[in-house]
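Could you put together the complete structure from these sequences and hints?
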Amino acid sequence: MFPAPVLDVIMEEEILYSETFRIHGNDFEHGGEVAAAVKSVMKQLGIRSDVIRRLSIANFECEMNVIMYADEAEFEFSVLPSQVRVVCKDRGQGIPDIGLAMQEGWSTATQQMRERGFGAGLGLPNIKRNSDKFEIESTPSVGTTLRYSVNLE
Amino acid sequence: MRLSEIQKLLNCELISDALSSDPDIEQCFAADLMSDVLAYSTSEAILITGLSSIQSVHTADVADLRAIIFVHDKRPGPQVVELARNKKIPLLTTKLNLFDACGVLHGKGLKGA
Ligand SMILES: Nc1ncnc2c1ncn2[C@@H]1O[C@H](COP(=O)(O)OP(=O)(O)O)[C@@H](O)[C@H]1O
Ligand SMILES: [Mg+2]
Numbered sequence: 001m002f003p004a005p006v007l008d009v010i011m012e013e014e015i016l017y018s019e020t021f022r023i024h025g026n027d028f029e030h031g032g033e034v035a036a037a038v039k040s041v042m043k044q045l046g047i048r049s050d051v052i053r054r055l056s057i058a059n060f061e062c063e064m065n066v067i068m069y070a071d072e073a074e075f076e077f078s079v080l081p082s083q084v085r086v087v088c089k090d091r092g093q094g095i096p097d098i099g100l101a102m103q104e105g106w107s108t109a110t111q112q113m114r115e116r117g118f119g120a121g122l123g124l125p126n127i128k129r130n131s132d133k134f135e136i137e138s139t140p141s142v143g144t145t146l147r148y149s150v151n152l153e
Numbered sequence: 154m155r156l157s158e159i160q161k162l163l164n165c166e167l168i169s170d171a172l173s174s175d176p177d178i179e180q181c182f183a184a185d186l187m188s189d190v191l192a193y194s195t196s197e198a199i200l201i202t203g204l205s206s207i208q209s210v211h212t213a214d215v216a217d218l219r220a221i222i223f224v225h226d227k228r229p230g231p232q233v234v235e236l237a238r239n240k241k242i243p244l245l246t247t248k249l250n251l252f253d254a255c256g257v258l259h260g261k262g263l264k265g266a
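Quick mapping for you: the protein sequence lines, in order, are chains A and B. Here the first sequence is numbered in this note's numbering, starting from 1 and rising by one per residue. Here the second sequence is numbered in this note's numbering, starting from 154 and rising by one per residue.
Read the hints as simulated data drawn from the structure, not as lab findings. Accuracy of the hints is not assured; some may be wrong.
To give an idea of the chain B side of the interface with chain A (calculated C-beta under 7 Å), a few residues [unchecked claim]:
{"id": "1", "residue": "208"}
{"id": "2", "residue": "211"}
{"id": "3", "residue": "214"}
{"id": "4", "residue": "215"}
Because the structure is a prediction, the values reported are computed rather than measured. Glycine included, every Cβ here is placed at the ideal spot set by N, Cα and C.
Here it is as structure tokens:
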């Protein structure tokens, strides 16, 4: 067995396209623009429409979570030979119990967020469902990082 | 069923520009909760909703929905209309409530998405 870091280097694919977006907490007015921008790029690159739909749905829920629960985030979208991938790293309150947050229906959303059509506790499970790979890491009072990808084949 | 037929059945007013295309619609999804739409809808359907914020158009865009019908005579603001125009998603509004709008279309053979 190789030690993990060596294996990572060997497994890392070439990045064909990458773009980073910034998302601001509480910015409901622009909520959805990052998902829309990434969708346009994927269309231009000729990516299959079912792949675009799955990643775009995940991206929109991810973006809204930053707007609802975090201060700000860097959202990095990359295209690799075998997958489209997102790493969204936010600064914010973090998630104390990830197991709970991943449960369908569990939510700390406010009434105002529900009035915007979010906050049913479906976001994180739906990001996971639309991804082929999904990882979430969080440190309370520091922030949350989501990594997810959809395979191109 | 053509979108123009749905427009007539629900007595809809067209909010965005004239229908650039008149897509054939087989399925509808109705919800005020955009997370529901994102979790359970299928592509090519139309969305019937009482939510007229900008997120309704982003939802239709990422979920590949063909049009949005707002119930209760709701009218989105100019930025929402502008975004829908750019994304080529027709916006319509009906005076009917969500239940009645769905009932009319269901009665005419449209299916839930
Ligand atoms: N980026 C984030 N930062 C802090 N908390 C988050 C973040 N994303 C999700 N959460 C927490 O996890 C819960 C569940 O998230 P989610 O499944 O998207 O449902 P919802 O947003 O509808 O509540 C949220 O209510 C919130 O408490
Ligand atoms: Mg959410």
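Hint-by-hint comparison with the structure:
Contact between residue 208/B and chain A, as hinted, is supported at the beta carbon level, the nearest pair being about 5 Å apart and thus within 7 Å. Hint on residue 211/B holds. Least Cβ distance to chain A is approximately 3 Å, under the 7 Å limit. Using the Cβ-Cβ criterion of 7 Å, the hint placing residue 214/B at the interface with chain A is satisfied: the shortest such distance is roughly 6 Å. Because the closest C-beta pair between residue 215/B and chain A is about 4 Å apart, less than 7 Å, the hint holds.
Hint compliance for this structure: every hint is met.
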